[in-house]
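These protein sequences, in sequence, are chains A and B. Under the numbering used here, read the first sequence as residues 553 to 928, first letter to last. Under the numbering used here, read the second sequence as residues 16 to 134, first letter to last.
Calculated directly from the structure, the hints in this document are not laboratory data. Treat the hints loosely; a few may be bogus.
Said to hold, decoys possible - To give a feel for the contact side, a few chain A residues facing chain B, derived at Cβ under 7 Å: (1) GLY592; (2) MET594; (3) GLY622; (4) ARG855; (5) ALA863; (6) PRO867; (7) PHE879; (8) LEU883.
Note that the Cβ used here is the ideal one computed from N, Cα and C, for glycine as well.
In case you want the letters, here they are:
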Amino acid sequence: MDDGQAIPLRRLPLHDLHVGQGGRMVPFAGWEMPVHYPAGVMAEHLHTRSAASLFDVSHMGQVLLRPRNGLDHLASCVEALVPADILGLPRGRQRYALLTDDAGGIRDDVMMANRGDHLFVVVNASTRDADLAHFRESLGHAEVEEAADRALLALQGPTAEHALGRLVPAVSGMRFMDVAIVPWGGMDLWLSRSGYTGEDGFEISVPATGAQTLAEALLAGGEVKLAGLGARDSLRLEAGLCLYGNDIDRTTSPVEAGLSWSIGKARRIGGSRAGGFPGADRILRQLELGPRRQRVGLQPEGRAPMRAGTAITSPEGHVGHVTSGGFGPTLQAPIAMGYVDAKLAQPGTRLNGDVRGRSLPVSVVPLPFVAPSFKR
Amino acid sequence: MKFTEDHEWLRPEGDLIVVGITEHAAKELGDIVFVELPEIEAMVAQGDEVVVIESVKAASDILAPVDGEIVEVNSKLADNPGLVNEDPLGAGWFFKVRVDDMAVLDDFMDEDEYQDSIG
Chain A
553 MDDGQAIPLR RLPLHDLHVG QGGRMVPFAG WEMPVHYPAG VMAEHLHTRS
603 AASLFDVSHM GQVLLRPRNG LDHLASCVEA LVPADILGLP RGRQRYALLT
653 DDAGGIRDDV MMANRGDHLF VVVNASTRDA DLAHFRESLG HAEVEEAADR
703 ALLALQGPTA EHALGRLVPA VSGMRFMDVA IVPWGGMDLW LSRSGYTGED
753 GFEISVPATG AQTLAEALLA GGEVKLAGLG ARDSLRLEAG LCLYGNDIDR
803 TTSPVEAGLS WSIGKARRIG GSRAGGFPGA DRILRQLELG PRRQRVGLQP
853 EGRAPMRAGT AITSPEGHVG HVTSGGFGPT LQAPIAMGYV DAKLAQPGTR
903 LNGDVRGRSL PVSVVPLPFV APSFKR
Chain B
16 MKFTEDHEWL RPEGDLIVVG ITEHAAKELG DIVFVELPEI EAMVAQGDEV
66 VVIESVKAAS DILAPVDGEI VEVNSKLADN PGLVNEDPLG AGWFFKVRVD
116 DMAVLDDFMD EDEYQDSIG
């Protein structure tokens, strides 16, 4: 972790709006980010589940990959970096993809969209610079451009379609993982019907100069409220979604992480474009034989949260650890996820978590904790 | 009522001292979801970690403000940790401690001094 002292923190385009709304600003991945507003994490979380919240995720990297030899050629080159099916990604759709490394670990988890004549990629803030260098080094036949002059807002919750539809009626025609570029207020909004909360919603890329106008338009009327990183974290944990750097990193494989669904059928053994991505041998072998450990949901039986780093034990000894843990406001109970030995990964398995020197019971449970409500 | 620099309050009650956290601290911590209290009859020394507070955001330690014996804890917090947010100076108290000499309270800030310290 950086200590927030050495390098000056970057400010979001909506910094003044956050501060004006009472946002508690904290350092995160090199940015000054709102962790919550006066309502607090619990209220912001529950409002997202019952109505809609606006999150500023402008710290994430927005990258354009423009082909020099046509989109199919670019998609083929990108497939040398990810196990996802990118050649088969239809125009106007996006897909979750993992950048893997030669050891079968995960360099980053990203969203890739086919926007007709180029690919649009959203990458994590902490890996942005490494990803850009990786793309530039590996994609000789593409122009790699960071859209650094744009903000990224996530509008999430069951009333997100209604709220955004007031400004852009066409969004009602989009379904989960559709992408579109639509004009609004003299700007181009880059929309995707997606998010990272388990709720229906949209991610909206907007020119930084127009971000405040858009945010104020979405917040007008009071139906949509601001929510910070704290609620984003508890929402994604309830939804069973991985946080890069916590739940997945270069020491975890896609199969261990339970992200095998993101490995395209064509990229698997027997597929038409089997392998060909970094770490393919190890990853495809794990897919066939099963991993040694697996990411699982963990439900502490008491009220004490089990935070990241909590050791998980069985009577035989150490069997894993928590990678994300806290309190699930929707469930009003502590929830966690982490890695355990594969033979102990069946839901219902009872284990123990070491919390401040005490061994407390915890059960393996299916993920997600809260079922998603995407508009498919 | 007296106050520590760590945002605890101490209230004399007969020969005991009741300890909790201030409104300022409860607000800073955010929504409290779990409070781990010390064992009754535990002997604690000033500076010991005696209470763990878990908010939605993170875990925080509360340090014993005085030396003494824990004689009672607020068992209502087990089922309703949110009392610390709702009524930090009253129903959200943590524990009662028996000290050798109540004069130990003289070492702490009074309310005006505490309010000045948090600006």
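Here's how the hints hold up against the structure:
1. GLY592: Holds - the Cβ of GLY592 (chain A) comes within 7 Å of chain B, reaching about 5 Å at its closest.
2. MET594: This hint holds: MET594 (chain A) lies near chain B, its Cβ roughly 4 Å from the closest one there, short of 7 Å.
3. GLY622: Violated, about 48 Å.
4. ARG855: holds, 5 Å
5. ALA863: Given a least distance of 16 Å, the restraint on ALA863 (chain A) is violated.
6. PRO867: violated, 24 Å
7. PHE879: With a closest approach of 4 Å, the PHE879 (chain A) hint holds.
8. LEU883: violated, 11 Å
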